[in-house]
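K.L.:
Chains as they are written, first to last, in my numbering: chain F, 1 to 461; chain U, 1 to 367.
Keep in mind the hints are simulated off the structure, nothing from the lab.
Do not rely on the hints blindly, as some may be mistaken.
Chain U regions said to be covered by chain F (calculated; three or more residues, Cβ under 8 Å) [unchecked claim]: (1) 7–19; (2) 45–55; (3) 99–112; (4) 141–148; (5) 171–183; (6) 244–252; (7) 294–303.
Computed from a predicted structure; not experimentally measured.
Glycine included, every Cβ here is placed at the ideal spot set by N, Cα and C.
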Amino acid sequence: MKAVGARLPRYDGIAHVTGRTKYVADQSAQGMLACKGLRSPHHSARIVSIDTSKAEAHPGVFAVATYKDMPKNTVGHLEALGVPADEPYLAEHEVRFKGQLIGGVAAIDEATALEALDLIDVKYEVREPFLDIRKAFDPGQPQMTEKGNVFFYDPYDHRKVTKGDVDAAFEKADVIVKGSYRPSAIEQAPIEPQGCLVVPESDGRLTVYTCTQAMYFTMGVLAEHLQRTPGSIKLVGGTVGGGFGGKVDSATEPLAAILALKARRPVRWIFTREEEMLCGSVRASWHVEMADALTKDGWILGRKVLTLHDAGAYTRFSSYGATKHSFHLAGAYTVPALRTRAYVVWSNHVPTTAMRGFGVTSASFAIELQMTRNADVLGIDPWEFRLKNANRPGDLMPTRKVLEDPSTIDTIRACAEAVGHPLSATYRDMKNDERSGEWLPPHLVDQAAHAKLGDPQEAAR
Amino acid sequence: MKHRGRGLAAIEYPTGMNQGGDPSQAWVKIKPDGRVDVFAGTVDLGQGSKTVHTQIVADTLGVPYESVNMDVSNTDSSPLCTGTFASRGTFIGGLAVLKAAKKAKEKMLEVAGQAMEIDPADLDVEDGMVYVKGSPDKKMSVGEVSAAATWGFGELITGTGVHLKAYSMPDPDTGVCDPDHAISYAACVVDVEVDDETGVVTVLSMVQAYDVGHAINPTLVEGQIEGGAMMGLGLGLLEQSYPHYPSTEGRGNEFGAYLMPGLPDFPEITSVIVENPSADGPFGAKAIGEMANNAQGPAICSAIHDAVGVWVPQQPATPERVLRALQAKAAGSDAPRRDGKTVIFDEDISVMTMADESSPLRDVLGV
Numbered sequence: 001m002k003a004v005g006a007r008l009p010r011y012d013g014i015a016h017v018t019g020r021t022k023y024v025a026d027q028s029a030q031g032m033l034a035c036k037g038l039r040s041p042h043h044s045a046r047i048v049s050i051d052t053s054k055a056e057a058h059p060g061v062f063a064v065a066t067y068k069d070m071p072k073n074t075v076g077h078l079e080a081l082g083v084p085a086d087e088p089y090l091a092e093h094e095v096r097f098k099g100q101l102i103g104g105v106a107a108i109d110e111a112t113a114l115e116a117l118d119l120i121d122v123k124y125e126v127r128e129p130f131l132d133i134r135k136a137f138d139p140g141q142p143q144m145t146e147k148g149n150v151f152f153y154d155p156y157d158h159r160k161v162t163k164g165d166v167d168a169a170f171e172k173a174d175v176i177v178k179g180s181y182r183p184s185a186i187e188q189a190p191i192e193p194q195g196c197l198v199v200p201e202s203d204g205r206l207t208v209y210t211c212t213q214a215m216y217f218t219m220g221v222l223a224e225h226l227q228r229t230p231g232s233i234k235l236v237g238g239t240v241g242g243g244f245g246g247k248v249d250s251a252t253e254p255l256a257a258i259l260a261l262k263a264r265r266p267v268r269w270i271f272t273r274e275e276e277m278l279c280g281s282v283r284a285s286w287h288v289e290m291a292d293a294l295t296k297d298g299w300i301l302g303r304k305v306l307t308l309h310d311a312g313a314y315t316r317f318s319s320y321g322a323t324k325h326s327f328h329l330a331g332a333y334t335v336p337a338l339r340t341r342a343y344v345v346w347s348n349h350v351p352t353t354a355m356r357g358f359g360v361t362s363a364s365f366a367i368e369l370q371m372t373r374n375a376d377v378l379g380i381d382p383w384e385f386r387l388k389n390a391n392r393p394g395d396l397m398p399t400r401k402v403l404e405d406p407s408t409i410d411t412i413r414a415c416a417e418a419v420g421h422p423l424s425a426t427y428r429d430m431k432n433d434e435r436s437g438e439w440l441p442p443h444l445v446d447q448a449a450h451a452k453l454g455d456p457q458e459a460a461r
Numbered sequence: 001m002k003h004r005g006r007g008l009a010a011i012e013y014p015t016g017m018n019q020g021g022d023p024s025q026a027w028v029k030i031k032p033d034g035r036v037d038v039f040a041g042t043v044d045l046g047q048g049s050k051t052v053h054t055q056i057v058a059d060t061l062g063v064p065y066e067s068v069n070m071d072v073s074n075t076d077s078s079p080l081c082t083g084t085f086a087s088r089g090t091f092i093g094g095l096a097v098l099k100a101a102k103k104a105k106e107k108m109l110e111v112a113g114q115a116m117e118i119d120p121a122d123l124d125v126e127d128g129m130v131y132v133k134g135s136p137d138k139k140m141s142v143g144e145v146s147a148a149a150t151w152g153f154g155e156l157i158t159g160t161g162v163h164l165k166a167y168s169m170p171d172p173d174t175g176v177c178d179p180d181h182a183i184s185y186a187a188c189v190v191d192v193e194v195d196d197e198t199g200v201v202t203v204l205s206m207v208q209a210y211d212v213g214h215a216i217n218p219t220l221v222e223g224q225i226e227g228g229a230m231m232g233l234g235l236g237l238l239e240q241s242y243p244h245y246p247s248t249e250g251r252g253n254e255f256g257a258y259l260m261p262g263l264p265d266f267p268e269i270t271s272v273i274v275e276n277p278s279a280d281g282p283f284g285a286k287a288i289g290e291m292a293n294n295a296q297g298p299a300i301c302s303a304i305h306d307a308v309g310v311w312v313p314q315q316p317a318t319p320e321r322v323l324r325a326l327q328a329k330a331a332g333s334d335a336p337r338r339d340g341k342t343v344i345f346d347e348d349i350s351v352m353t354m355a356d357e358s359s360p361l362r363d364v365l366g367v
């Protein structure tokens, strides 16, 4: 019997639904301490001083940590890909978001740790927050960094995609439609909050029980913070109570580890639901403006896009997300001329991170509402407008990648059949194959010729 | 009064970490009794990657699904996996275990050839039995082969596999690069009911078709489609971390203070699996994970327009936003501005209204 293609039950499904699966919060170790984190009450402030002396003297407290205890406090998740590290794991001289982690306490139990947090004295100089990303370049707005409010993609301050002759497309268009789209930030909201248990072993290694979505990734980030070799850390996990991108961030491991090393005891830190929701990273808010150059019979000749990605206080994966977004701004359609500019804007919102559909969810929202509007303005059936402009084998993506097996046509027609949407004969009979005849209009001849060259680098020239 | 409307969205989504450079490794070994251990680093988030990988290994080795153990529990025994994100588990993690299983199968046939005194090229495996092609009666069980390897020939039947696509740097001026492994597609149709007195939008039904290349486990594919639809429903109608964005006032700090869809909000849902195989994927598969929540939001907004003639370009389409749009329509102030051949929607929220006249953002679209 073949397993592939079979409706087999989930490997670990019965353990999950009968409560027998062990998650991080089910783990414990002898002598284990509880950890709590100290967080900023302000969106933006200079830190004047941090005094932990009273907390350290509090009975039941085994260790207190601030940025001074972290061997390497600022570690970038994407430094290997050339994205500069910009986020101190524990705040040093400023806080840039409400809920930012400043330090932590390991104590005999959670109540004692919370008492100790109250004894840490932090003096702030509160500043005006920067919140509306549309005002990123406005004079008089608060500045997130010395270099301004936007991430720098060398050599530009935005990610560009430029394909075909956009100005000619807009010149030639019968109609131009422009809209602005604002998808909201949302919570990751996994049932299992962020958490870990760090156990210092007798051989000097660290065992880290974790809910990370990426064990080797977290191992690398943690090793860098602690300035240890990655192999001196063993991560135990692989089973996660819901992760949608947010558990790629190493939220709890560095603080718990540094406290465990200081106290020489196992330390467990599990976020409360309130921490998970107010301090944990969210899906970003986006602002997308899109203008389409259209012919009156329903072809898309060109598209211009302005994207503002509200990264929140630090970069994390946002530069990656806005690049991925940029590569998908044509959606499931073939747009021969494209000019897109995507800015990663820092703000005093909580840092955002990867979440299911990262970068593309916002693109899909903008594109698909714009597509319905285009069809509405032109007076064309929105199904047929989409089918007309659908990706076909041999077409080029915004990156000039040649599409081998697109399915815009097959998936739309599967839906039309399922709901009984009537299509005219032209669209009922159209095939998902390479362009020819009426499906190869003059404005797509060039891109089809580039595709034949096969080499996307070559096609770009 | 309640009005019904229908909306369509069609989307695409890339498989794998954008721009590549993200390896997954796997290791397969066979115990002396024939049971198979697979060590890989792909974290199972609840989507079922362990199940899918087990299926891939079972068929690649030619052994029953039940005889395969999947261990992703720790970084000492599992080789490297970049992580479970970017819709990379089935494709990249899947190719790693597939390649490891292929190598283990080669070794198994080599040992079986020695034991049976037959050229390994004349052997194959099915249902846990190594047999001679053309003479299926001449056979040994995988357990017998592994026992022979262990006690007879002093060998371990094992194999390792890695899948890595090299990092591709985009051209800064054009964006040209080769960033993904495959592209999946989907279309989503929603039928809604809009109450023009309360602004409440109810999704009545949802029909969705997903091209996943090849469904390795159709039940789990449907699980992703339905779970994604639930999340998409939240994006489209309910969820927002900042209810007064960009202000930070009013954030929900618990499930009771943050609106998410529950089962009563869940519409009648139909999932259609389309199979347009990827030339490079394991058994032709493409990704499904992330894209499953991308189509519902825009489909809902298009359906609201179909029902009551207003556009809600800000997600989620809360009752307040729908009512404000209906009021603007009644006042005749919702029509897009026309400037020559250009039709301009949403001017009130665009950078042309909201950014300072000196801002370079105003020049990007030029309209």
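K.L.:
Taking the hints in turn, state whether each one holds.
P.N.:
We went through each hint and held it up to the structure:
1. 7–19: With 10 residues closer than 8 Å to chain F, the stretch 7–19 of chain U meets the three-residue bar; holds.
2. 45–55: holds (count 7)
3. 99–112: violated (count 0)
4. 141–148: violated (count 0)
5. 171–183: n = 12 at 8 Å, threshold three: holds.
6. 244–252: Satisfied; 6 residues make the cut.
7. 294–303: holds (count 7)
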